[in-house]
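> Each chain is listed here by its residues.
There are 2 protein chains.
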Amino acid sequence: MKAVMSLAAALGGLALMANATSAQEPVKKKGDQEVSRTIHGYDYGSDRLPRSPVTLEDFEKLKATVLLGEGDLNALRKSRAVLEPQVDEILDVWYGFVGSQPQLLAYFSNAAGKPDGDYLQKVRERFGQWILDTADARYDQAWLDYQYEIGRRHHRVGKNRADDADAVNHIHYRYLPALIYPVTATLKPFLEKGGFAPEEVEAMHQAWIKSVLLQVILWSQPYVREGDF
Amino acid sequence: MKAVMSLAAALGGLALMANATSAQEPVKKKGDQEVSRTIHGYDYGSDRLPRSPVTLEDFEKLKATVLLGEGDLNALRKSRAVLEPQVDEILDVWYGFVGSQPQLLAYFSNAAGKPDGDYLQKVRERFGQWILDTADARYDQAWLDYQYEIGRRHHRVGKNRADDADAVNHIHYRYLPALIYPVTATLKPFLEKGGFAPEEVEAMHQAWIKSVLLQVILWSQPYVREGDF
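The listed protein sequences correspond, in order, to chains D and F.
For what it's worth, the numbering used here labels the leading residue of the first sequence as 360, then goes sequentially.
For what it's worth, the numbering used here labels the leading residue of the second sequence as 360, then goes sequentially.
Derived by calculation from the structure, the hints in this document are not laboratory data.
Any given hint might turn out to be false.
Any copy will do: because identical chains look the same in the list, a pair fits if it lies in one copy or spans two.
[As the list claims (entries may be wrong)] With a straight-line cut-off of 16 Å between C-alpha atoms, the simulated EDC-like cross-links for lysine to aspartate or glutamate are: (1) K481 <-> E419; (2) K518 <-> E561; (3) K437 <-> E561; (4) K518 <-> D402; (5) K547 <-> E561; (6) K422 <-> D477; (7) K518 <-> D587.
Construct all of the structure, not just a fragment, from the sequences and the given hints.
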């Protein structure tokens, strides 16, 4: 019985996601700051954000540790043109996955287990922009500060606030790194549609894995005990 | 000047590792519990270990989130025979990588930056056994408890104690997930040497990525704030 109810909740979530798709506004065009402001809560570059406790120097050491170099930056930037026309389909796959896994859909739902459709929609718009930002790989101070903010929005210190959402107030840490796998594995078929040679697609995919891993590390900062990060 | 000294420290670390290789004892044979006891600090299955705060039920949900299923368990177990004869060469690659990255070698070194050769050697023996345990993929309560202990041995609550080591007392959280990439990427050429078809090698590699990701999540538990995990 519980399994059936979970399935129903998941399908409800998927239906909400389908509505969200059709209602979505076009994502920001490159270099067009005006358009980006139409994405609710998208605060990359905002002066209001607190500074990341992780420095650019710390981040360079992390880049070296995951073997992310110039070739990866080029591959990420090359992936933008491949992925931008497919953003909605990618989000359908990712939202479909979240909707199919009750332990994940729970974080978009209130205490009674009802998914918050408005919240799902607002997050979806920023998630689409995140695909483009990941491909752009700017890795500047504003980017670092925004990663800190994204981490805070997963954690009880900041979840729901940007969207005035009616959902549980904390995403458990363990699911942040866990999602690296399904997000990057499901991206590969989309990277393959750009007409590049298999080794170029593989280079883009590996660069994406490294970048998502780095971002999840940054997002984890608010979860880690003082001095332990 | 600082870069030159870091390089010298790294090369010193590599020399220590080369010694460590020749001195290493044979790793445990499958099913031979007596032999396993010769690995210093290898406490898988020990009654003295505290129970993991992560339950087997929590772990099942994590497995589902990283898409780890029966096919992955088979692929991991198939990888054992491929990797076992290559354990020393794999460790040479991983230790060579750590030795080449000053920000990583620092965790095997004392406050003055001198690597602790005895500590490097003791960790190396357990690291070899870890390759076999990862391939075995038992995922029982004893395994879960030992993952918790491994996490504690990275964190200030337990680092250095098992080996009476003279090294800094805490590995910063951020390098645990970061190491997933170099560890799994460098494993693939070793998986390719088993004579399996490319798609079987790829299945083994993907299963390894999922397993290492799950383990790093478990090892992170001592770093995460109360209630946040």
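> The structure should be examined with respect to each hint, and the outcome stated for every one.
Comparing the hints with the structure gives:
no., hint, in the structure
1, K481 <-> E419, "neither (32 Å within a copy, 30 Å between copies)"
2, K518 <-> E561, "neither (35 Å within a copy, 38 Å between copies)"
3, K437 <-> E561, "within (12 Å within a copy, 25 Å between copies)"
4, K518 <-> D402, "within (15 Å within a copy, 39 Å between copies)"
5, K547 <-> E561, "both (8 Å within a copy, 14 Å between copies)"
6, K422 <-> D477, "neither (36 Å within a copy, 29 Å between copies)"
7, K518 <-> D587, "between (22 Å within a copy, 13 Å between copies)"
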